[in-house]
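Here the protein sequences come in this chain order: U and V.
No gaps in the numbering here: position 245 of the first sequence is 244 in numbering that gives the first Met the number 0, and each next residue is one more.
No gaps in the numbering here: position 266 of the second sequence is 265 in numbering that gives the first Met the number 0, and each next residue is one more.
Simulated from the structure, these hints should not be mistaken for laboratory data.
Heads up, a few of these hints could be off.
[Unchecked claim] Derived lysine to any residue pairs resembling SDA-like cross-links, with alpha carbons at most 20 Å apart: (1) V:Lys348 with U:Met252; (2) V:Lys353 with U:Met252; (3) V:Lys353 with U:Pro143; (4) V:Lys449 with U:Pro190; (5) V:Lys353 with U:Thr101; (6) U:Lys144 with U:Asp124; (7) V:Lys353 with U:Ser145; (8) U:Lys62 with U:Ser89; (9) V:Lys421 with V:Lys122; (10) V:Lys449 with U:Ser145; (11) U:Lys295 with U:Met252; (12) V:Lys449 with U:Thr192; (13) U:Lys144 with V:Met199; (14) U:Lys144 with V:Ala332; (15) V:Lys122 with V:Leu132; (16) V:Lys353 with V:Ser324.
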Amino acid sequence: MSTNTTATLSQSFRAKPNSMQEDITNDATSESSEHSQHITIGENILENAKFTTRNVNVYYGEKQAIFDVSLDIDHNEVIALIGPSGCGKSTYLRTLNRMNDTISNCRVTGDFLLDNEDIYSKKMDPVLLRARVGMVFQKPNPFPKSIYDNVAYGPRLHGLARTNSELDEIVITSLEKAGLFKEVKDRLNEPGTGLSGGQQQRLCIARTIAVSPEVILMDEPASALDPIATAIIEELIDELRENFTIAIVTHSMQQAARVSQRTAYFHLGKIIEVGETSQIFTNPRHQLTENYITGKFG
Amino acid sequence: MNSSALLLLITGLSVIAFITARQRAYIHGASSKLKSLPKHYGVLTALWSGIPALVLILSWMIFQPAYLHQQIIQSLPESITIKGEDSLSLYINTIDLAIANGEASDDPVIQKAILSFNDAEKKSRIILTILVLLLSLSGIIFGLTKKLLNSHARVGVEKVVKGFLALCSAVAIFTTVGIVLSVLFEALRFFESIPFTDFMFGTSWSPQTAIRSDQVGSSGSFGAIPLFVGTMLISAIAMLIAVPIGLLSAIYLSEYASARFRSIAKPALELLAGIPTVVYGFFAALSVAPFIRNVGESIGLSVASESALAAGIVMGVMIIPFVSSLSDDVITAVPQSMRDGSLGLGATKSETIKQVIIPAALPGIVGGVLLAASRAIGETMIVVMAAGMAAKMTANPLDAVTTVTVQIVTLLTGDQEFDSPKTLAAFALGLMLFLTTLILNVIALHIVRKYREQYE
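Same shape as in the complex, but just chain U (with noise of 0.2 Å):
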């Protein structure tokens, strides 16, 4: 899979390399893209970004689940992808660190580049690539070892830590970060299985912040978790935006709306809008997006 991943993704680099920097409404009339007709409605794509992708289609065996979705994602910001149930957010957020690896009949195509290196070419170690992009899932699945050790995992397996001290500082700053340091401070070697729902997503993510990642994707992080635990967690994502790029992807739009800068409205497989939150919310300009706002579906 990733032989022919690299493939299509060198040979488009070699066909059009100045693509990255043109309007989407070109790109998406180019020869190499089959599902042409769509176009984005706003700006989904930046200056300078932090992560660029370029023509993403995702296939699931035959199944195609992503259509030549092109978007970036800014520095220091928080970036949420909404849509309805099926509409391919999730399958997104996994290609920005190969995650799709895992998935044995998934086939990704498209340029991607996180600070202008391509994250899918030959040189690429997934495994290194998910240190600098990681990744916070729908449930809380914390590893069933103590939550020193669930936090201390990371930067054990990459070798952050030289000294037993180094590593302890580590994991309690990263306790901190994650706000959950004051609450387990007295039970580092407690199982972290045992800790509620609300505090082991805080402990993924502390596991996460330990590993000191440049983006940090969020795939619902909060949906099974209760309001207070949410309001806590989305606290937190606006703290984490100082130091971390942050996608998240998410089924409130609430949520969406209080933590996110931009939005990313997703739809069969498609972005059909990105903008401001505030305009996303305020004044979509797609008739889909207005829909899925007001609640006609979803």
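Mind docking chain V on chain U? Use the hints.
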């Protein structure tokens, strides 16, 4: 009517009961509200008509022989009954034999006994048939009354089904208890003649007892330790083979292999569990043992032709599927979110397996390994064919050793008297073996249960 015809009759009546009661419930339900579905009334009526009749037939089958013997004894003249218990039962045996063979006897006493036997049997059969019919029909009639139609039939049916299920599980439990008790009582008889401490802590095993008191070598010794050492040695070799191979193949199959390869390899691996242990025994005795001896001799080691190593290796191969199949199941049961979480942190696949999946699955794996170990300890056929008979206390895998199971087999095969310590020793050994595997199983189940709690 004979019993099978009666059974057929009861079945037929139950079917009729079911159909009519259901039909009646339908009709009744059209005008007023039923408390259960019509089929429940049908089933309940069928049960009412069938179960009492079945219980009657069963109890008749159990008590009839005693009743008929009573009839025979009553028909016998006093001159015979007065002779005493032993000769009486002998006499009844001859009568039974005559009845079974259908021979006309010359002895008038026996002729009379046969006559009264046949008479009683015929009478009891007629009574039985009438009773069964009565019970069955009254069940149907009861089922068609208003009382049943107004009851919660579903609750009644569920009670009966629940009782039947409980009965089935009770059969399994009581069988186990029965086996334990029978072994226990024989073992206690053994410990009457040989002290328990001599058996448990004795280091010499030579189970001979004298037939005559002046016989040479009449003093047998029944120290079980050499046998348990042999068992442990062979089991340890087997586990050394089975655990790494089973575990690593489970990891490969569950984490690395493609779905297609897995669908072929897993059944193929489980095929190993389907090979009869006798065949493994041939393989150990005829192929592996000579091979090991030849290899050993070529590098200057003295290897017994029936070495513990050969039996252990083959036994290890036999229990690979236990370890691999159980480990595969628990590894597959580790939630995908664990793998995603680890991979999402930039762990490689092997790091994920070593540091997240195996620790998460470890209790289940340990449980599987302990189950395999108890299987190895109790395994008989391979060691009978390949391990030898010499009760030696040794840790040298190239020596011949004997195991508990081998000794049980040798003690009990052939013509044996069932009251000598030599034979009874087999039961004591069996009891010890049972306790060992029981303890291992309890530990294994405990660990497995603890593992389950973690994810629920």
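Q: May I ask which of the numbered hints given earlier this structure violates, with the numbers listed in increasing order?
A: Numbers 1, 2, 6, 9, 13, in rising order.
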